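What follows is each chain in one-letter form.
There are 4 protein chains.
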Amino acid sequence: MKETAPEAAINSNEDWKKNIEATKDVSEATTADLEWADAIVFGTPTRYGGAASQLRAFIDTTGGLWAKGALIDKIGSSFSSAATAHSGHENTILSFNSVFYHWGMIIVSPGYNDPIQFQMGNPYGVSHTLGNGTIPPDKTALAAARFQGKRVAEITN
Amino acid sequence: MKETAPEAAINSNEDWKKNIEATKDVSEATTADLEWADAIVFGTPTRYGGAASQLRAFIDTTGGLWAKGALIDKIGSSFSSAATAHSGHENTILSFNSVFYHWGMIIVSPGYNDPIQFQMGNPYGVSHTLGNGTIPPDKTALAAARFQGKRVAEITN
Amino acid sequence: MKETAPEAAINSNEDWKKNIEATKDVSEATTADLEWADAIVFGTPTRYGGAASQLRAFIDTTGGLWAKGALIDKIGSSFSSAATAHSGHENTILSFNSVFYHWGMIIVSPGYNDPIQFQMGNPYGVSHTLGNGTIPPDKTALAAARFQGKRVAEITN
Amino acid sequence: MKETAPEAAINSNEDWKKNIEATKDVSEATTADLEWADAIVFGTPTRYGGAASQLRAFIDTTGGLWAKGALIDKIGSSFSSAATAHSGHENTILSFNSVFYHWGMIIVSPGYNDPIQFQMGNPYGVSHTLGNGTIPPDKTALAAARFQGKRVAEITN
Chain G
0 MKETAPEAAI NSNEDWKKNI EATKDVSEAT TADLEWADAI VFGTPTRYGG AASQLRAFID
60 TTGGLWAKGA LIDKIGSSFS SAATAHSGHE NTILSFNSVF YHWGMIIVSP GYNDPIQFQM
120 GNPYGVSHTL GNGTIPPDKT ALAAARFQGK RVAEITN
Chain C
0 MKETAPEAAI NSNEDWKKNI EATKDVSEAT TADLEWADAI VFGTPTRYGG AASQLRAFID
60 TTGGLWAKGA LIDKIGSSFS SAATAHSGHE NTILSFNSVF YHWGMIIVSP GYNDPIQFQM
120 GNPYGVSHTL GNGTIPPDKT ALAAARFQGK RVAEITN
Chain V
0 MKETAPEAAI NSNEDWKKNI EATKDVSEAT TADLEWADAI VFGTPTRYGG AASQLRAFID
60 TTGGLWAKGA LIDKIGSSFS SAATAHSGHE NTILSFNSVF YHWGMIIVSP GYNDPIQFQM
120 GNPYGVSHTL GNGTIPPDKT ALAAARFQGK RVAEITN
Chain H
0 MKETAPEAAI NSNEDWKKNI EATKDVSEAT TADLEWADAI VFGTPTRYGG AASQLRAFID
60 TTGGLWAKGA LIDKIGSSFS SAATAHSGHE NTILSFNSVF YHWGMIIVSP GYNDPIQFQM
120 GNPYGVSHTL GNGTIPPDKT ALAAARFQGK RVAEITN
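Protein chains in written order, with numbering that gives the first Met the number 0: chain G, 0 to 156; chain C, 0 to 156; chain V, 0 to 156; chain H, 0 to 156.
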């Protein structure tokens, strides 16, 4: 979705600038995508235990869809990341998922429905501890993400 | 489920005693019921924003079912009540529903998927403000409860 | 704080436009205000059970303050509003308050520490049901807001 | 507090039986203890993201204290443990702490107010990943617990 942070904030952070440049050709999600999709999966880094404001800003443009019930009965699922262990991994997903309740959707989480979940740990959705961007998603996180994606696809069918 | 409160507490409250007497022939839910059911709907009064300990005690006996994955992919939904408005209606349902995440279930809530929900208000599950037992569930609460039950049944099918 | 919504969204809503005009001389909160304040009270309408993205965007600019521990031991409290009963009144405050945990602050809520709270109902913070802007805060909401403010001031002292 | 689990459940688990035996001379907390204490710190293993029913049963006996406002303005804080990472560490503390809101107490958490917190990770309260009882609290968990205790004591003063 759209980057809503002030340019000065972005420019003060080399990694952020590089990421904006690297992803400039990735097409942005729009509310129209929410309408045709049968399943919606959101991912966000934690911001003090909640979702990033860029994601919340996108969510706040969905009033029209909500009003006409366009999101009812779709499947919803979420994943997150945080700098350290237990610093918003659970809270970000659980608090964000209340959006799905309001939209009348059906919530699907990974639970402990696959052995990989006992390694990754988080039953609410995949989450990864990434230092401050120093630890890329590891084998466990990637395998758990594949499981969550597969599970969402299967339930949606 | 089983009453776990101390007998002295029960006896100090006329309404509680009467209710125990009135419901003595209602068969108690067991963990075996969780196993055959395709959908599981829990209701609880709020206790400081969480579920009643009687319900939590029942939940705490499900370790065996969880360990063998017996609850995976079932449909879960909850409802609640509280003495005053906004005094745990939302919080009780949302915090209790984390049990469903751990069990690997699928969460279905009423959302605003029916006009009755705009009157009852709570998208997470039906809830009713009951004074301290002085206000029985009204027309709105009953209609919303019927809607939530119907929705759970339909999604389960 | 700063309005971050797209101009097209604002212009599509007469009340929103009027409010922007009416509040154009109110000075915006800045992160510098967070630094000198001994107590911080946030209010937000619910957006699907979470805070408005405008507030989250402001929160997301506080990384510098957090990194130097500038918010530690301050008093935090929140209030909210929603269109209907039980439609995010509790959830918005509880999920938003996790910001205070991350900032190392001390959380003060109204509880049932005053008779007005049994009328207003919400122990987590004042909240008001406002239709869709059709119901201005009533006597109960205003009295509860005064109580919450007074309580925050007293504990801060 | 009082063990409320059925004897059959306890007897089916050697570690549980040993713990009952080992702690039989530890005096149980009573609601009277809540009344004289200036600060109240609760710890609980996670049970599917919520507190153990033994603790909830104790909480459910405090109606008398709550009704007379005996817990108002006390300091509250919580800690937890779970079998795996992100499997209720945050959720258990956050959902349990809503009890403090209802009691009109003041919530104090460790935040990131000490360097140990960046190692332990959980800003809501200390938590420890204990396998299934196979991993005793390590140096980090113990140091973080000491910090949380010290912080609660200082704020209480």
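Just so you know, the hints here were simulated from the structure itself, not pulled from any lab data. The structure displayed is predicted, hence computed values, not measured ones. Hints may be right or wrong, so weigh each one.
The list treats identical chains as interchangeable, and a pair is accepted whether it falls inside one copy or across any two copies.
Said to hold, decoys possible - Dumping the calculated DSSO-like pairs for lysine-lysine here, alpha-carbon to alpha-carbon at most 30 Å: (1) K23 / K1; (2) K149 / K16; (3) K67 / K16; (4) K149 / K23; (5) K138 / K17; (6) K23 / K67; (7) K149 / K73; (8) K73 / K17; (9) K73 / K16; (10) K67 / K138; (11) K67 / K17; (12) K1 / K73; (13) K23 / K138; (14) K16 / K138; (15) K1 / K16; (16) K149 / K138.
Broken hints, by number: Checked against the structure, the hints that fail are numbers 2, 6, 8 and 9, while the rest are satisfied.
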